[in-house]
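Q: Protein sequence lines, in the order shown, are assigned to chains A and B.
Read in order, the letters of the first sequence correspond to residues 2 to 287 in our numbering.
Read in order, the letters of the second sequence correspond to residues 96 to 474 in our numbering.
Be a bit skeptical, because a hint or two may be false.
[To be verified] Under 8 Å between C-beta atoms, here's a sample of chain A residues computed to sit facing chain B: (1) S134; (2) V135; (3) G188; (4) H199; (5) L201; (6) G248; (7) R266.
It is worth saying that the hints were derived from the structure and are not from the lab.
Please read these numbers as outputs of a predicted model, since none were measured by experiment.
We put the CB at the ideal spot given by N, CA and C, even for glycine.
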Amino acid sequence: MRFELDSDQKDFADALDRLLAGADTATVARAWAAGDHEPGLKLWGRLFDMGVTSLAAEDDGADPVFMTIAFERLGHHAVPGPWVESVAYLGNAGGIWTVAALPHVPYALDADIADQVYAGERRVSEIGELYSSVDRARRLFDVGAPEVAWDTAFDRAVLAVSAQLLGLGERVLADSVAYVKQRRQFGREIGSYQAIKHALADVRIALDFARPLVYGAALGAISPSAAKVAAGDAAYLSSRTGLQVHGAIGYTAELDLSIWITKIRALVSAWGTPAVHRERLLRELG
Amino acid sequence: MDLTLSESELAFQAEAREWLAANVPAEPLPSMDTAEGWRLHQEWEARLAEARWSVVSWPRDYHGREASLVEWVVFEEEYYRAGAPGRVSQNGIFLLAPILFDHGTQEQQDRFLPSMATGEQIWAQCWSEPEAGSDLASLTSTARRDDERGGWVLNGQKTWSSRASFAHWGFGLFRSDPEAERHRGLTYFLFPLDADGVTVRPIAQLDGEVGFAEIFFEDVFVPDSDVLGDPGDGWRVAMSTAGNERGLSLRSPGRFCAAADRLVELYRSAPDPAYAGDVVDAWIKAQAYRLYTWGTVTRLAAGGDLGAAGSVNKVFWSELDIALHETALDLRGPEAELESRWLDGYTFALSGPIYAGTNEVQRNIVAERILGLPREVRG
Ligand SMILES: Cc1cc2nc3c(=O)[nH]c(=O)nc-3n(C[C@H](O)[C@H](O)[C@H](O)COP(=O)(O)OP(=O)(O)OC[C@H]3O[C@@H](n4cnc5c(N)ncnc54)[C@H](O)[C@@H]3O)c2cc1C
Chain A
2 MRFELDSDQK DFADALDRLL AGADTATVAR AWAAGDHEPG LKLWGRLFDM
52 GVTSLAAEDD GADPVFMTIA FERLGHHAVP GPWVESVAYL GNAGGIWTVA
102 ALPHVPYALD ADIADQVYAG ERRVSEIGEL YSSVDRARRL FDVGAPEVAW
152 DTAFDRAVLA VSAQLLGLGE RVLADSVAYV KQRRQFGREI GSYQAIKHAL
202 ADVRIALDFA RPLVYGAALG AISPSAAKVA AGDAAYLSSR TGLQVHGAIG
252 YTAELDLSIW ITKIRALVSA WGTPAVHRER LLRELG
Chain B
96 MDLTLSESEL AFQAEAREWL AANVPAEPLP SMDTAEGWRL HQEWEARLAE
146 ARWSVVSWPR DYHGREASLV EWVVFEEEYY RAGAPGRVSQ NGIFLLAPIL
196 FDHGTQEQQD RFLPSMATGE QIWAQCWSEP EAGSDLASLT STARRDDERG
246 GWVLNGQKTW SSRASFAHWG FGLFRSDPEA ERHRGLTYFL FPLDADGVTV
296 RPIAQLDGEV GFAEIFFEDV FVPDSDVLGD PGDGWRVAMS TAGNERGLSL
346 RSPGRFCAAA DRLVELYRSA PDPAYAGDVV DAWIKAQAYR LYTWGTVTRL
396 AAGGDLGAAG SVNKVFWSEL DIALHETALD LRGPEAELES RWLDGYTFAL
446 SGPIYAGTNE VQRNIVAERI LGLPREVRG
């Protein structure tokens with residue numbers, strides 16, 4: 002038994018972090034939202050070079066723990082694009098694919114830039130109307146999605162989104178902690194007020210108890226639905242608290258925090274809402 | 096105790112309901128934070144004013160109908176039930192006007208109130224500064240006396256000023272006596288946002304729209320006739336607005352009750368038992384807020400003032416608003432993230448615990464002023 006990342010896994014996480022931290026992902030996300038995909042596609046290519054796209058490809062060294070690590074980093078840096086769809090659900094190693102599948106994934110993310118677009122298992126060439134999401138970097142398209150069964154691919158996607166949520170939540174907490182140490186009101190750092198301390202401590206606790214469920218699901222020890230519920234709740238708490246402790250500046254689109262806050266809200270209900278996953282867990286429990 | 100409305104209040108209610116049913120636009124107007132939406136909201140205000148519904152509690156000379164506080168609450172209920180547009184003029188009519196009535200000169204009232212009532216002049220509240228948010232009294236924008244021209248010269252920066260991107264006038268506090276203790280030496284000014292030396296920079300909010308702005312002041316001259324209250328008395332004058340913002344006027348129960356009813360409808364149209372409890376809880380809270388407000392109105396009508404109870408009120412409505420909209424998004428399932436009226440309402444609700452005094456600060460006030468607990472160390 003060893004429920005901790007080993008040194009290879011840590012090195013992989015660090016390498017991804019270095020790459021993404023140097024890639025100015027907030028700017029990439031803003032460009033993506035504005036319809037300029039160039040920087041995001043370049044980043045996709047660099048992550049492909051690091052093997053990220055093949056982490057769920059069956060014949061290409063699929064590894065759920067490495068995949069989870071990668072998606073946590075993608076979340077941490079708010080990398081835009083149909084990563085869950087292409088890499089985790091469709092298990093596609095090369096090129097950018099996307100998918101819509103009812104009832105939980107009604108629209109295909111970034112279908113306009115994908116090399117292949119799927120409506121369930123059927124490849125489609127026509128894409129329909131664009132819908133905007135609360136997360137402006139999520140550009141959703143109607144592709145006439147059919148009903149699909151909940152299979153292992155779906156579970157893999159749920160795990161990937163859970164990991165993304167974990168990374169998003171961690172980042173918002175880190176940025177919020179940094180902010181409250183520096184922002185002063187009434188002659189003191191706002192982080193010295195107990196109301197702020199306790200609110201952020203609650204986020205720390207929630208994320209700490211979501212993480213083992215996410216990595217436990219990666220190891221097959223627990224249902225990904227448990228991971229999605231916990232990671233979604235913890236990330237959402239982080240976003241709400243992060244916004245609140247930032248005050249008005251947190252409510253601006255100019256501050257990069259907004260990219261994280263809106264992505265968390267979007268992903269909480271993506272790939273199965275919390276209610277869907279709770280209900281499924283209850284059924285699994287017999 | 097008695098919750099029935101009098102005959103004349105019922106007649107007032109019926110008249111309001113009838114007018115709104117005949118006049119409220121069938122489709123929601125575009126967001127007031129866009130140029131087009133702004134224009135349409137201003138037009139709507141003019142229509143309201145023409146029928147004397149824009150400022151029901153004001154004197155007749157200023158487009159009002161001298162409605163009582165009870166009638167005002169009744170009107171607000173009808174207004175939101177009818178799905179009428181948000182009030183682009185709200186910071187003027189709800190926050191500034193009460194101060195103008197109490198502290199303004201007759202000349203100021205005559206000059207400013209009519210165009211405020213018709214929506215012709217929209218006012219922006221300019222209090223916050225980059226370094227003075229919760230700690231408003233630490234503000235550093237200055238007013239320098241100019242005896243020669245008979246007025247003051249403003250310098251500094253304000254920020255987060257709602258609707259200032261399109262508004263015409265601003266009201267705000269400036270430090271006119273740098274020597275005085277921090278709550279003294281502040282003066283309350285009224286100024287056109289297109290005055291020489293004023294620069295307005297719109298700021299995009301979470302939803303990408305420029306709902307507020309920062310405002311830079313570079314040697315902006317304001318004549319004595321545009322000082323509200325006495326020089327140096329700005330804090331006391333302004334604090335009578337703070338009570339208005341936290342308590343009654345910005346957040347009448349009508350809007351939450353109307354939203355709770357829409358939430359119940361949403362549930363009925365696609366029931367998801369997972370959220371049944373949340374739907375009912377939101378509805379109960381909206382009703383609690385409505386009934387609580389009748390108690391507040393009773394006390395105010397009897398000459399009492401809101402005091403720290405405004406803080407109790409503010410925490411409750413702002414958290415109710417978020418819970419209600421979160422539940423609506425939950426009910427929308429996988430479509431929650433898509434643009435919708437519910438998503439707009441949700442995003443707006445997120446700012447509730449921040450503006451009008453953050454909820455942390457309100458809880459401090461409840462704990463210290465109402466419960467009498469010792470003050471936390473501050474500065
Ligand atoms: C949508 C929106 C519209 C607004 N409109 C206007 C407007 O029209 N005009 C205007 O002047 N302003 C406006 N504001 C600004 C608003 O008044 C301020 O955001 C508010 O006063 C808080 O200040 P701040 O944002 O600087 O946060 P800060 O004061 O920096 O607070 C940051 C965090 O620290 C906490 N904190 C601060 N002090 C304490 C303490 N003593 N104890 C515990 N916690 C503390 C706060 O609760 C918050 O969580 C608006 C804000 C928003 C979000």
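Q: If you test the structure against every hint from before, which numbers come out violated?
A: 4 and 5
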